[in-house]
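Residue numbers (this note's numbering), protein chains in the order written: chain A, 10 to 460; chain B, 22 to 286.
Worth flagging that the hints you see were computed from the coordinates, not collected in a lab. A hint or two may mislead.
As the list claims (entries may be wrong) - Heads up, simulated PhoX-like pairs for lysine-lysine below, C-alpha to C-alpha not over 20 Å straight-line:
| no. | chain 1 | residue 1 | chain 2 | residue 2 |
| --- | --- | --- | --- | --- |
| 1 | B | 120 | A | 350 |
| 2 | B | 55 | A | 350 |
| 3 | A | 350 | B | 111 |
| 4 | A | 211 | A | 121 |
| 5 | A | 43 | A | 103 |
| 6 | A | 115 | A | 142 |
| 7 | A | 90 | A | 115 |
| 8 | B | 120 | A | 333 |
| 9 | A | 33 | A | 104 |
| 10 | A | 103 | A | 158 |
| 11 | A | 178 | A | 158 |
| 12 | A | 101 | A | 158 |
Unchecked claim - Covered, in the sense of this in silico footprint (three residues per stretch, anywhere, with C-beta under 8 Å from a C-beta of chain A), are these stretches of chain B:
| no. | segment |
| --- | --- |
| 13 | 124–137 |
| 14 | 140–148 |
| 15 | 192–204 |
Said to hold, decoys possible - Derived, one-sided and incomplete: chain B residues facing chain A with beta-carbon distance under 10 Å:
| no. | residue |
| --- | --- |
| 16 | 85 |
| 17 | 116 |
| 18 | 120 |
Beta carbons: idealized from backbone N, C-alpha and C, even for Gly.
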Amino acid sequence: MTETSQSTENGRKPHGGSLMTLSKRTARRNAAEKRFQIYGIAAIAVGLLMLIILVSTIVSRGVGAYSQTFVTLQVELLESKLDKSGTRDLEKIKKVSTFGYAPLIKNAFSVKLEELGIQSELSAKEQAAILSKSAPAQLRDYVIANPDKIGETIEFRFLANGRVDGYMKGRVSRESIANDKSINAEQLDFVDILVVNDVIEKTFNLDFITGADASDQRPEAAGMGVSMIGSLFMMLVVLALALPIGVAASIYLEEFAPQNWLTDVIEVNISNLAAVPSIVFGILGLAVFINYMHLPTSAPLVGGLVLTLMTLPTIIISTRASLKSVPPSIRDAALGVGASKMQAVFHHVLPLAAPGILTGTIIGLAQALGETAPLLLIGMVGFIASNAPDSLASGLMSPNSAMPAQIYEWAKRADPAFYERAWGGIIILLVFLITMNTVAVILRRRFERRW
Amino acid sequence: MNDMTLLERDVDTKNIKIAANNVQVYYGDTHAIKDVNVQIEDKTVTAFIGPSGCGKSTFLRCLNRMNDTIDICRVEGDILLDGEDIYDPKVDPVQLRAKVGMVFQKPNPFPKSIYDNIAYGPRIHGLARNKAELDDIVEKSLRRGAIWDEVKDRLDAPGTGLSGGQQQRLCIARAVATEPEVLLMDEPCSALDPIATAQVEELIDELRQNYSVVIVTHSMQQAARVSQKTAFFHLGNLVEFGETGHIFTNPEDPRTESYITGRIG
Ligand SMILES: Nc1ncnc2c1ncn2[C@@H]1O[C@H](COP(=O)(O)OP(=O)(O)OP(=O)(O)O)[C@@H](O)[C@H]1O
Ligand SMILES: [Mg+2]
């Protein structure tokens with residue numbers, strides 16, 4: 010009543026006027042909506058820009074790690090140097106240290122230069138220095154593996170020294186090495202000549218993906234492979250522990266536990282646990298697993314346990330959320346036909362919640378995969394110099410590294426060649442994370458809720 | 022025990038299936054059901070009517086202990102099924118629910134195939150010894166649910182893909198598949214159109230041959246059409262209970278009368 014009397018008093022209807030003209034109010038509302046959309050688009054644009062910058066930086070800096078400079082030389086495996094007795098007795102051959110192999114390489118250079126008709130001012134030692142410090146060891150490994158080849162001339166592909174590699178990739182220039190003791194301008198000239206003669210070439214480097222870390226002096230030999238295996242082992246531990254524990258805990262809390270102060274306290278604590286900084290879990294792991302339980306330092310088992318602690322809350326929270334999202338009518342239906350509570354949960358609720366649980370688990374695993382801080386505290390930067398088959402066999406209890414810890418380790422080292430490898434490692438890590446998240450999304454799509 | 026039921030049968034042709042004595046239900050501090058006494062006969066359809074919130078669903082859910090799933094719910098008094106107290110600590114609610122089936126207000130088929138929807142109950146209760154027997158139970162139940170003809174060609178299709186009315190009949194078929202002795206139905210037709218409602222009502226009438234049926238409904242017409250006994254609840258009290266014809270034509274309590282004639286509700 011009052012409404013109508015008011016509007017008649019004012020002499021106008023509340024929604025008077027033509028539909029063809031915008032009222033002031035509508036115009037203001039529309040303007041506000043437009044503005045909000047512009048804010049939104051701007052926010053997305055900023056986000057995209059950041060993403061593009063991030064990805065392009067990572068790729069441009071990291072891609073160098075995937076190619077490597079190699080020097081191809083024919084090396085005569087002189088019997089006089091390697092097996093003076095001529096008996097091919099492996100024990101004796103093993104007595105020759107890498108120092109014994111250095112002359113072979115120097116020889117190989119002079120033979121090559123002669124063959125190409127090149128004169129060089131450099132001493133034999135300086136010539137050999139363009140190779141990686143691992144070159145003699147590579148020769149020695151080959152000879153020990155194939156003692157019957159002693160006396161023959163074999164073609165070897167040696168890794169070039171990190172500086173030479175950097176020169177080939179444009180990271181090192183004649184100016185930048187002015188104060189560098191490990192390489193000089195004449196050596197770079199020498200490299201130029203060898204490049205022209207196809208002795209030095211830059212190719213794709215699979216060893217970066219499959220190989221082990223190398224010492225400070227040999228960035229050119231360092232690879233991610235072993236730390237990938239370390240990460241793999243840890244993920245297995247996390248999956249084997251966090252998934253069953255997390256799912257069992259959530260099912261109990263969500264479906265069976267009575268609602269009382271105790272379960273409330275547990276619930277609050279799980280949420281809090283999810284917010285605890287990862288380094289706290291690291292120091293906890295150090296104190297409990299290593300100092301108290303005396304598990305080996307740097308072992309993937311310990312890393313896995315620490316990451317399990319970290320991942321559990323994520324899994325529990327997402328599992329409970331997906332259990333909650335199953336409509337109660339499904340439980341009623343099952344109980345109504347005489348199913349026990351456990352049958353209702355395992356036959357009906359859990360299958361419906363499974364995609365959500367899986368997605369949560371994968372996201373938890375992805376988080377754990379990228380976690381660095383706790384691993385540093387338990388010493389998961391143990392560098393082992395064995396490649397794939399051996400490092401796989403090393404298992405859960407022997408020292409290993411993990412991808413993010415390896416990246417951190419490289420980024421920390423002085424040589425810029427390691428810095429490049431750190432970026433390269435980040436690419437691998439991101440590929441893993443993106444793959445895992447994609448799998449999570451696909452799973453979610455695939456098992457779209459059907460009720 | 023058996024002797025007693027036999028004796029009773031001699032005395033009264035209509036067997037008492039469920040007897041509720043002085044039942045009180047509390048949700049925390051809320052007193053939802055106040056001192057209800059009611060006797061539900063075998064092979065009879067009993068209708069619960071009453072205004073919204075008066076406790077019909079609550080009381081219905083006491084009869085197969087579905088209230089156990091609500092933490093704050095407390096039931097006092099005794100409810101006897103064939104003379105046995107269903108709230109006795111020795112009674113496992115799972116066994117009870119196999120005897121007292123339930124159909125819910127909202128159709129809630131499992132998100133599984135039509136076949137599995139029906140077969141689930143018999144499977145967990147071990148009612149079939151082999152696949153052939155199970156197939157048999159499924160067909161028989163779907164026929165009793167008056168839905169066999171519509172689904173016989175697509176038993177592998179998901180039950181959730183059926184229409185609302187079909188889903189509700191599927192749920193009824195699912196409930197009868199476990200061979201209960203009592204069937205509780207909480208507003209089974211509230212989501213259905215008149216045609217599906219008519220089908221369900223017809224079905225209830227058929228079920229009466231074998232079961233004791235308790236149905237909660239908001240429709241006076243439905244109660245009058247399908248039931249032989251009617252209980253009128255108001256604010257947690259059982260106001261009146263008796264022959265349906267008697268309640269609708271000649272109510273004793275003024276509250277019943279005003280509810281039936283549409284003055285409270
Ligand atoms: N889970 C619960 N927790 C607390 N109180 C409840 C719960 N369920 C029902 N109640 C209360 O118990 C009383 C009876 O509810 P009930 O659902 O039995 O009513 P109803 O007769 O079935 O109503 P309707 O016809 O609307 O379905 C109401 O006051 C309601 O608020
Ligand atoms: Mg109700």
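These are the hints, each one checked on the structure:
no.: 1; hint: 120/B with 350/A; in the structure: holds (17 Å)
no.: 2; hint: 55/B with 350/A; in the structure: violated (29 Å)
no.: 3; hint: 350/A with 111/B; in the structure: holds (17 Å)
no.: 4; hint: 211/A with 121/A; in the structure: holds (19 Å)
no.: 5; hint: 43/A with 103/A; in the structure: violated (78 Å)
no.: 6; hint: 115/A with 142/A; in the structure: holds (13 Å)
no.: 7; hint: 90/A with 115/A; in the structure: holds (13 Å)
no.: 8; hint: 120/B with 333/A; in the structure: violated (29 Å)
no.: 9; hint: 33/A with 104/A; in the structure: violated (95 Å)
no.: 10; hint: 103/A with 158/A; in the structure: holds (15 Å)
no.: 11; hint: 178/A with 158/A; in the structure: violated (35 Å)
no.: 12; hint: 101/A with 158/A; in the structure: holds (15 Å)
no.: 13; hint: 124–137; in the structure: holds (count 7)
no.: 14; hint: 140–148; in the structure: holds (count 4)
no.: 15; hint: 192–204; in the structure: holds (count 5)
no.: 16; hint: 85; in the structure: holds (8 Å)
no.: 17; hint: 116; in the structure: holds (7 Å)
no.: 18; hint: 120; in the structure: holds (8 Å)
When held up to the earlier numbered hints, the structure conflicts with 2, 5, 8, 9, 11 and fits the remainder.
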